[in-house]
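Here is what each chain is made of, one letter per residue.
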Amino acid sequence: MPEWLLPVIAPFVVLNAIIGIVTYVTLLERKFAARMQSRIGPYRVGPHGLLQPIADAIKLMMKEDIVPTAADRPVYNLAPIVFLAPCMFIFATIPFAPGLGVADLNIGILFFLAISAMEIVGLFMAGWGSNNKYALLSAMRAVNQVISYDLPFIFSALTPVLLAGSLRLSDIAMAQEGLWFVFYPVLGQLAFVLFIVSTVAAENRAPFDILEAESELVAGFRVEYSGMKFALIQLGEYAHILGASFLGALLFLGAWSGPGPEWLGPVWFLIKAMCVFLLVTWVRWSFVRIRVDQILALSWKALLPMTLLLLLATAFVVVWRHSGVA
Amino acid sequence: MGLQAYLTLAAIVFCIGLFGVITRRNTISILLGIELMLNSVNINLVAFSRFSGDVTGMVFAVFTICITVTEAALGLAIVILLFRVRRTVTADQLDLLKG
Amino acid sequence: MTGEALGFYCLSAVLVGSALAVVLTKNLFHAVLWLALALTGTAGIFLLLDAEFLAAVQLLLYAGGIVTVVVFAIVVTERLVGERISQTSRHIASGAAVSIVLAGLVVKAIMAGPLTSIRTPMTGDVTALIGETVLTRFVLPFELLALVMLAGLMGAIYFARPED
Amino acid sequence: MTGDGMFALAALLLHALGFLVVALVVPLRRLGRPAAYFSILCAVGSLASALIAWQRHIGGTASRLVWAWLPADGQTLTSVGVLADAESTIMLTLVALVACLVQVYSLGYLSDEPPAALGRYYAYQSLFAFSMMGLVLAPNFVQLFICWELVGLCSYLLIGFYYQKPEAARAAVKAFWITKAGDVGLLIGIVLLWHQSGTFDLLEMQGLVESGALPLAGLSLITFCIYLGAVGKSAQFPLHVWLPDAMEGPTPVSALIHAATMVTAGVYLLFRTEWLFALTPDVLALVAWVGAGTALLAAILACAQDDIKRVLAYSTVSQLGYMMTAIGAGFATAGFFHLLTHGVFKALLFLGAGAIIHAVHSNNLPDMGGLARRMPQTAIIFLIGTLSLAGIPLFGGFLSKEEILGAVWAGGMTGPFVILLVVAFLTAFYMFRVVFLAFFATPAAHDTHPHDPPMAMALPLWILAVLSFGIGLYFTVAGPALPFGPAEAAAHGPAWLMPVAVGSAVGGILLAWLTYQRRIIDAGALAAAFGPLRTAAQKRFWIDDVFEAAYGVVLLGFSRAIGWFDRYLIDGVLNVVSAWTLTSGDDLRTMQTGRVQDYVYGVAVGLMILLLWVQLA
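Chains as they are written, first to last, in the numbering used here: chain A, 255 to 580; chain B, 23 to 121; chain C, 1425 to 1588; chain D, 431 to 1047.
It should be emphasised that the hints constitute simulated quantities derived from the structure, not laboratory data.
Watch out, some of these pointers could steer you wrong.
If you want the footprint, here are the derived chain C segments under chain B, 3+ residues with CB under 8 Å [to be verified]:
no.	segment
1	1447-1459
2	1517-1530
3	1540-1546
4	1559-1572
Now the in silico label distances, taken between C-beta atoms and shown as ranges [unchecked claim]:
no.	chain 1	residue 1	chain 2	residue 2	range
5	D	Y1029	A	K313	58 to 64 Å
6	A	V447	C	V1440	45 to 51 Å
7	B	G24	C	R1514	36 to 42 Å
8	A	E431	C	A1437	23 to 29 Å
9	D	R990	C	R1514	55 to 61 Å
10	A	F266	B	I89	38 to 44 Å
11	D	G1015	C	P1538	48 to 54 Å
12	C	A1429	D	Q1045	26 to 32 Å
13	C	K1450	D	T1013	48 to 54 Å
14	C	A1437	A	G512	43 to 49 Å
Beta carbons are placed, not taken as given, at the ideal position from N, Cα and C, and that holds for glycine.
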């Protein structure tokens, strides 16, 4: 295999793998939610409903693509792509094993955060382009919420960065060889909890799902979308959640470290990410939705100061330990 | 690519932004033009920094970005306030300073 | 043509094109989206200049931050009132003339000067260097910047406060 | 010598002290009476100093005490100080005496005034006395002129003392402006004289004149200009109109103005510069004729007045004409002598009239009558003054009048001499008319009960009465050893002069007695006999009307012309300029659209031009 082919093949492989995983993550969530609610979940298509995601995908592809007359057509049409693109891009920075990744940037985590912040543009395009009151309100709420929760999200993610002393994701993973950061005394647990809360909010999932609150806004910003565009938006959303789950596993759960031979590393990583994903899903299906102002208050009055304090404490600890070692 | 190429690009973007600031009637559009101009300034800073091997330019770019964000937030707050008071964001009609 | 040159020309085309779209398009919302594209293109330029950190910051703050705030402003001022304000411009001809002549003059000045095209190698991690410089040589401006931002944010909050 | 000058200076400065303390120490001024006491104390001290100074200089020695002032071109342009000699110190004594007595008298006369007004009055009084003394002692024309103007100012302030009364305010302004008209002449004269001689100093200039170094060309104009100042100040025709109106001030002020200060300043000026006027005989002749004419005119006017103060005022004008005639005839000393005696008895008369007015509360002669019985002291005093004014032997006025008549005769001026004889007759007539009407005629119905004045008023009256009788007695008994050179003695007229003069005076008295006391001659018939003249007199010979008309035509016309010029030419230019400014401002302000974008546009264009310039240069 020629050298120059690798940068082409790697993204291709990753992209397809992600799409595959995301497809089945939806099934995982549905099954998990069903069990939580004492149901069985998808069961008909294939054994134990294993073919359900494929069927869904085919169904969505065959649906008619409806564009509202009043819609801002170019914006409406581009929105799903713009929404999906950053959600896919974030995987470019994640190393799945030592040396196994698209681009192990030296500012990897920052890049991850920056790209994931771009998601809001697509979201807004969708909300605006639909020219629908519910969609617009949803987008507005999303802006409020995303802006509010980006900061605690970034700050809580910076705690492992400080502990590892590098912005490079692989370095952070390496730093947890001995001790996963989630087990780091006090700081680790606090950071992990804050990270999970921020993730749930940043991903707009219940109890922070006011932007798609079915009882108020029908389906939020994607209310006008159907068929493949709807599928793309869903794909993007789940990809984003999955990306955040991978990030959580990488930052706090030691990434690919685990017993067994080295080639099991990516498997361990996937399992850990799924654990994070299930944790988020568990939260989603357990709590009731809270109001907009409560959400904002929680972010600005509780999470932001706490993450800042945590960051400060971490900085002190790091400096103290370094001087102690020296 | 040499420094000249980057500087030229920045100059062109700057002048496009200037054109927007001069000609646009909507206050928010004027703000967009200003963002473009500041952006081109950042390109200049980073380019100079890179070609001289000195990180100072990048630091300044960071500062500029921060200031720009603040300015945007403040400017838009003013726009909202203006709209609230005068029910318009058309710059033509915001001429209380007229001599 | 090297990869860098190819990237530069592509990004330049994107940047200039989207910048023109920002100032020329009639739809304000579209203009903002074009601006987002222009800013993303700028981030790409930063990447070409080996300034990954700045590119990330650019995306994080500009594309993520400013664009959302601008859209927010548009919604508050325009869409919620229910009337669509079409974007109009004035003295387009003279403005264009001035801008073009100015651009030409500046470019002429740039071309006239003996400017290097050799990149001085940067020792070490640029991001770390930026961080170090900010917290050593430019620590005072940095603190002042923090102060300015605080004041600016408080001002923004004050301006946009609910009417009593 | 210097020590002698010090007393004159002290007399001068004591009044300055009185003025400064009373004027500047506001609480003292507000208290009224204490301020008056302080002022009187200063006046008494001043009188004592003046007396000593007179005593020292009676022999004719002069002392000069000056300080350099107004440096110019490295040398002193003029100085300030005192020039004390026989003439100035005797005049100083007169001023100090009258000022002092008037101040004492005012204490009684103005006892009903509010304290603050009283304090103000005494401040003015002190300033007035100081100014007059400064004028009298002036060693040069500059100080003289400054004090001259100060005197004018003070008379303005004192005539307008009751400034709430419109007549008083108008009279004050009238006095001020008419005397100013003369002062302009004086100023021009002084400057011209300085141009000719190169000095302001009186002694130096006298030296120049005596050595014949002063060029004669244009000197007539100069002396005429200086005479103009005297005309205004000493109420000579035609600028005499302010003096009768000046009666609006308090009566003691009138006494001060008529007797010792203000009006005497003009005569004193001519007397001091006698050597200068001697060089211009034509101007002297003018002085004599105008003086005689004024004397006659005022005497006729005095006959037709019913206001006691106005009668006295016209008599002052008349007597000033006498003095001027003497000076014009070339015998300034005679005029100066009359000035001194007149100062004493006219002060006496005015203060006596003040006592009457104070008692009767009226200025009108018909309101009086039979006062001799109720106010015997006042009657005696007033009679003494009247006899002195009429020129009855043994009284002060007799001597000086005799001297003037002799001087005029000796000067070869027959016309003025005859006029002055007629005036002497008229003087006796109108003064005794006043005496008979006020003191002896059938009493008018009085609501009040007039009585003799209080001590503060009576004392000055008696002093003046004794003095005016005493001067006459002293000189008559002690013989003609008058302190005025041999020329004067030689000028004593022919032997028939005295009987004629006394006769005319007695004739006037007789006519008044017959008309107003015995009523043998009907006053109405007498008036009818002089019908046109009387009508003219009552109209004041239309001089006031002429002034008014002149004012109306000349001044108002000129003002209108100036007003037109100002309104249409000056304002027009200004309007054009301002309109132009406004229009250009309007045009320029279109640049200020108030749109920030336009300013950015401007910046961009400016940057473009700058770049163009840099690159093309």
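Evaluation of the provided hints:
no., hint, in the structure
1, 1447-1459, "holds (count 5)"
2, 1517-1530, "holds (count 8)"
3, 1540-1546, "holds (count 7)"
4, 1559-1572, "holds (count 6)"
5, D:Y1029 with A:K313: 58 to 64 Å, "holds (60 Å)"
6, A:V447 with C:V1440: 45 to 51 Å, "holds (47 Å)"
7, B:G24 with C:R1514: 36 to 42 Å, "holds (38 Å)"
8, A:E431 with C:A1437: 23 to 29 Å, "violated (46 Å)"
9, D:R990 with C:R1514: 55 to 61 Å, "holds (59 Å)"
10, A:F266 with B:I89: 38 to 44 Å, "holds (41 Å)"
11, D:G1015 with C:P1538: 48 to 54 Å, "holds (50 Å)"
12, C:A1429 with D:Q1045: 26 to 32 Å, "holds (29 Å)"
13, C:K1450 with D:T1013: 48 to 54 Å, "violated (41 Å)"
14, C:A1437 with A:G512: 43 to 49 Å, "holds (47 Å)"
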